[in-house]
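Each chain, letter by letter, is given below.
4 protein chains.
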Amino acid sequence: MIKVGIVGGTGYTGVELLRLLAQHPEVKIVAITSRTEAGIPVAEMFPSLRGRVDLKFTTPDEAKLNECDAVFFATPHGVAMAQAKELLTHNVKILDLAADFRLKDVKEFAKWYGIEHSCPDILAEAVYGLAEINREAIKKARVVGLAGCYPTSVQLGLAPLLSPKSTGGKQLIDGNHIISDSKSGTSGAGRKAEIGTLLSEASDNFKAYSVKGHRHLPEIVQGLKAIAGHDQIGLTFVPHLTPMVRGIHSTLYVRLTEAGKDLDYQKLYESFYQNEPFVDVMPSGSHPETRSVRGSNGIRIAIHRPGGGDTLVILVVEDNLVKGASGQGVQCMNLMFGLPETTGLTQIAVSP
Amino acid sequence: MIKVGIVGGTGYTGVELLRLLAQHPEVKIVAITSRTEAGIPVAEMFPSLRGRVDLKFTTPDEAKLNECDAVFFATPHGVAMAQAKELLTHNVKILDLAADFRLKDVKEFAKWYGIEHSCPDILAEAVYGLAEINREAIKKARVVGLAGCYPTSVQLGLAPLLSPKSTGGKQLIDGNHIISDSKSGTSGAGRKAEIGTLLSEASDNFKAYSVKGHRHLPEIVQGLKAIAGHDQIGLTFVPHLTPMVRGIHSTLYVRLTEAGKDLDYQKLYESFYQNEPFVDVMPSGSHPETRSVRGSNGIRIAIHRPGGGDTLVILVVEDNLVKGASGQGVQCMNLMFGLPETTGLTQIAVSP
Amino acid sequence: MIKVGIVGGTGYTGVELLRLLAQHPEVKIVAITSRTEAGIPVAEMFPSLRGRVDLKFTTPDEAKLNECDAVFFATPHGVAMAQAKELLTHNVKILDLAADFRLKDVKEFAKWYGIEHSCPDILAEAVYGLAEINREAIKKARVVGLAGCYPTSVQLGLAPLLSPKSTGGKQLIDGNHIISDSKSGTSGAGRKAEIGTLLSEASDNFKAYSVKGHRHLPEIVQGLKAIAGHDQIGLTFVPHLTPMVRGIHSTLYVRLTEAGKDLDYQKLYESFYQNEPFVDVMPSGSHPETRSVRGSNGIRIAIHRPGGGDTLVILVVEDNLVKGASGQGVQCMNLMFGLPETTGLTQIAVSP
Amino acid sequence: MIKVGIVGGTGYTGVELLRLLAQHPEVKIVAITSRTEAGIPVAEMFPSLRGRVDLKFTTPDEAKLNECDAVFFATPHGVAMAQAKELLTHNVKILDLAADFRLKDVKEFAKWYGIEHSCPDILAEAVYGLAEINREAIKKARVVGLAGCYPTSVQLGLAPLLSPKSTGGKQLIDGNHIISDSKSGTSGAGRKAEIGTLLSEASDNFKAYSVKGHRHLPEIVQGLKAIAGHDQIGLTFVPHLTPMVRGIHSTLYVRLTEAGKDLDYQKLYESFYQNEPFVDVMPSGSHPETRSVRGSNGIRIAIHRPGGGDTLVILVVEDNLVKGASGQGVQCMNLMFGLPETTGLTQIAVSP
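Protein chains in written order, with my numbering: chain Y, 196 to 547; chain B, 196 to 547; chain F, 196 to 547; chain D, 196 to 547.
Bound-form chain Y, shown alone:
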């Protein structure tokens, strides 16, 4: 059994981790920390866990995280990087659900997150946690910076068009003018007392936000460049707040180059993802819906080419709390510990 600790379990990614890990056959959750809630049973805050998770929140000191095999950080940005060194000294593997180990460029990190990176050396060795792209590196990693929710949907939605594995090095699309029109449920905003995501504000309403620039933009661009193996990537990324709890739907628009005009993109995608347990390339003409992955680690993709023109439209759905966060974490953990990748992640989506 893998002994797992969770730092900061009072948010949505925290409770989702608990839901998944409590049902994981190879995991024993040994500690979950929260300074503010120390002493409180987890199931008191999250009644959905009553009878299934008996832990109490503890202070970080009591948690003895150094004795864990793996520690998940379900914390605000900046926490994981402060504790990473100590944990690594004790051979604890680290999975960070926040952004501390995502952006490789410390200047970019400082610019978008407003804090200096405190351990650039660990950042240098950290692996970006997106198993479908980085599987082998994750297997060997000591520190994984798990991919963000939007970035997961955009990168997996575009990888077959950019990766030399499937393109053979040809430029199939105009990589400088990619558009991602992304929509997220409110759980992506986290479990925070804020007016903007009150039901009274966000329900029966739809709006874009952060059009000027969202923190996930540099992460996606970095990821797409890595996938493509070159730097000719430009992205317009517009996130929207949708009146639902879970789910991300990214609608991706790319312009085909001359070189890309004669390919069968349905086949390209099916071939690229044929062995991926969590990626479902839907039949041609499909419209994936977010509820079809609600509560599951699946991601579904459909490819359209309206009117046979030079614009390709790719539709991608995921559950932002599972494949976009905690499920991704468990998937990476499985890889890091040599387990079958789907262990503990076989939940079927709850629909309706």
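Just so you know, these hints were derived from the structure itself, not from any lab. Every residue gets a Cβ at the ideal spot worked out from N, C-alpha and C, and that includes glycine. A hint or two may mislead.
Unchecked claim - Pair by pair, the computed Cβ-Cβ distance ranges are: (1) Gly273(F) with Pro359(B): 51 to 57 Å; (2) Met196(D) with Gly408(Y): 52 to 58 Å; (3) Glu221(Y) with Ala388(F): 38 to 44 Å; (4) Ala319(F) with Ile390(B): 48 to 54 Å; (5) Pro535(Y) with Lys420(D): 53 to 59 Å.
Claimed, not checked - Not everything, but these chain Y residues come out facing chain F in the computed CB check (under 10 Å): (6) Gly383; (7) Lys387; (8) Ala388; (9) Thr392; (10) Glu396; (11) Ala397; (12) Met439; (13) Arg441.
We have chain Y already, so just place chains B, F and D on it with the hints.
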């Protein structure tokens, strides 16, 4: 492995059965029937099942239901009773999610459902499928008429106040004046093309319905009488349509008798349900919420006595598609086949 | 034109007052105050008012409230009573949307609101703002404590059964055992940064709250006693949080006495409310829905007697922000200034 | 008073017309037709109209539409064109909310709507009902084919970039590669008994639909060509179904040409719409939200240029039932009868 057939799998209880049974370690789903959808892959209608359920809908003839060990009916009222005799001849156990085998009085059945009962003899042997009340009978049953969604919440919410097991035969409450103010999500209305449950109609809206008389009223009254062991039961039952997908919340009001005034009802409930794996009596002062059981087979109950007066308020939540329908069916099936009652039903609620 | 000031306009009752008053033909809004938002245009916080309300929030000092004809308090409890004396000195009429002038018993006020009442003398002269019950008194009032949202629905739902005007002094119901099972949208909780009413928490969910005791309980009981003209009133009041923005649905249960068993309650209600412009007694057998009054000052009521028994079920819907708050305020203001009661309140409900 | 008839008032655009026209100071609604509902009071089907609209549905024969001054068609496609000639003979002005008089090319009409156009001559004289673009023509029109919901948002969102009035004839954008990622509430699908828009299906869910080709695509392209005065227009249009009742949010992406790179688009838009009563160009950096126009005839637009690059992002919100349908109809009617354009359309958005 139990070979299971499902008749009529195109509704919400059908797809929910598939979700649960596809993850059940002791079940093999061998057939799912739908005359209108025969030949269509189940996962085409329900994309949430893509990659997990490979069956196609078949006609009842092709389905060879006679070779099954158990057949679930997820059909409109009247279908199960037409096929029951034939199946029993072949030693197939029957679990009906509709109302054909719920009401013991054929006149009541005809009155509320508008059709004559076609097999009163089978009805006579059928067992009411509410495991917490009827466990031993279900174990031996050939035919189980699964309890309805509202009736499950009301009966389990009131059983400790009425059952001689806990009352010792005393009349603790005025059984003639029970009030159940119940609220259901729209999935309770089924997957039917109707205007009243369109999102445009039912969203951001709240209303009562069928105040004059709902089909679950006679079922609940029959059940409460059976639990109480007497006929002094009168119920005012008002169902409401709530703008959510899953979940039932029943708010029950009972008046305490003189004999009932000095009891500790928190203890009474905790004692009554102490060994039940799916019933959670919450701590005193709790307010259970429907999402705390979303997607799970759990039922949560809280007991209040506002102002210490003579009115007891019992709050009950369940997922109408799980504990109120398909999960209840799997629970009963487990009992009928000698399996541990929780087999395949250990999903933790998806929350948020 | 009536010169109106609004104190504390940053909440939902504030913006709703602005919506109504900006369209009121006899009103000029001269000031709206908010210490925290002073200097900010109202339409910046509430874009729905862009192009329609040009005011900026001001500090109370700048607002020159003493020069107004009327001042609305859309503030937390405790603010209106601190400023009332000064305003009255300047002959400004006061309408308080909070609870400062609702409860006549200062001990009850202190018990439920946790603060001592600072001006019992003004409280003594204040009139309870529920026009259908208190019309004549409101016309002459200098200070009106507007009825709360739940209390409006419960009192208007029960008045015909209790008021000597319609009962002729007979006890038609068991007044000691009234049950109000009430459901509210989340806007009733106000525009406050809180976790419990986030869309991620409150959406696709249903729960009761404050079953132990809600602040509206003493207000309702006081009101029912006043209507009945006696003290034999006992109420079990259970509020529920519903996943919608606006709307209250109260389901009221009363037990008929022998004296009450032979009346035609449909007629009783129709007669009682026949001249009320905002109260709609629906046809027998109706199920009013909250959206039928969304955005309007209407209240709709239906009366049921299931099975012809001795329990009467009354269904009441209102928009908590209009008839339950700001519309009620405008209605009372109209009365106080001798205007036709419906002036500025003729909006038709927005449905769907 | 303008005598108005409504053909087919049982859908959402019908009830919305009634809401608006019943409050219109210069209109008398004389008839509303529905074959299936003839004899039924309108307020029985739409309780929100109780006490405000006393009409019953009538058969078309009884309705004496020929005696009206104007007739609105809130019908399925194909109905208006069958009745237009007769009405015109009697000097009745026609406003069609369906698509019969939108597409000027009868082949396109037949291709997208599956029926032949029955009166090409009337189609030829019909004016496209989008007042901000076609004001003068509408004033003189006998027949107006009102702009569709999506087309209104896309055309008004792009007009300042295409119209020679503001561009001075320069090509500011690459008109051949416009992208409209549009999101609609479910009321856009109409009041029809369908599974796909049940609350149980569409709630807590998000999906694209009709990516292959939506009927509004040719309408938008026709409109943009007319605005631009040339044919170099290519559009990728992807509509999405959003879990809310009312509202459309179109996110528009255009690529600037060299000629377009140095303009101030905020000013361009503000200038273009400076005299429009219903179009609100929001301050730079804004994110309009659909609820800010809920129930009102307003349309709000914000312009973004992320990172100062060559992609312009325009955000547009409207209420699909008001500015996208019935409000648009009233606005055009006002013009046709020489009334101030805002008459009866001064509702402030209901928010929250």
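Each hint, compared with the structure:
1. Distance hint check for Gly273(F) and Pro359(B): the Cβ-Cβ separation is about 53 Å, which falls inside the suggested range of 51 to 57 Å.
2. In this structure the supplied range 52 to 58 Å holds for Met196(D) paired with Gly408(Y), their Cβ-Cβ distance being about 54 Å.
3. Take Glu221(Y) and Ala388(F): their Cβ atoms lie about 40 Å apart, and the range 38 to 44 Å holds.
4. Range check, Ala319(F) to Ile390(B): about 53 Å between beta-carbon atoms, so the 48 to 54 Å window is met.
5. The supplied range of 53 to 59 Å is met by Pro535(Y) and Lys420(D), whose beta-carbon atoms lie about 56 Å from each other.
6. With its C-beta approaching chain F no nearer than about 9 Å, Gly383(Y) sits inside the 10 Å limit, and its interface hint holds.
7. Proximity of Lys387(Y) to chain F holds as hinted, the smallest CB-CB distance being about 7 Å (cut-off 10 Å).
8. A least Cβ separation of about 4 Å between Ala388(Y) and chain F falls short of the 10 Å threshold, and the interface hint therefore holds.
9. A distance limit of 10 Å between C-beta atoms decides the matter here; for Thr392(Y) the minimum to chain F is near 5 Å, and the interface restraint holds.
10. Hint on Glu396(Y) holds. Least Cβ distance to chain F is approximately 8 Å, under the 10 Å limit.
11. With its C-beta approaching chain F no nearer than about 4 Å, Ala397(Y) sits inside the 10 Å limit, and its interface hint holds.
12. Contact between Met439(Y) and chain F, as hinted, is supported at the beta carbon level, the nearest pair being about 7 Å apart and thus within 10 Å.
13. Interface hint status for Arg441(Y): upheld, as the beta-carbon distance to the closest one in chain F is roughly 8 Å, under 10 Å.
Going through the hint list in order, the structure satisfies each hint without exception.
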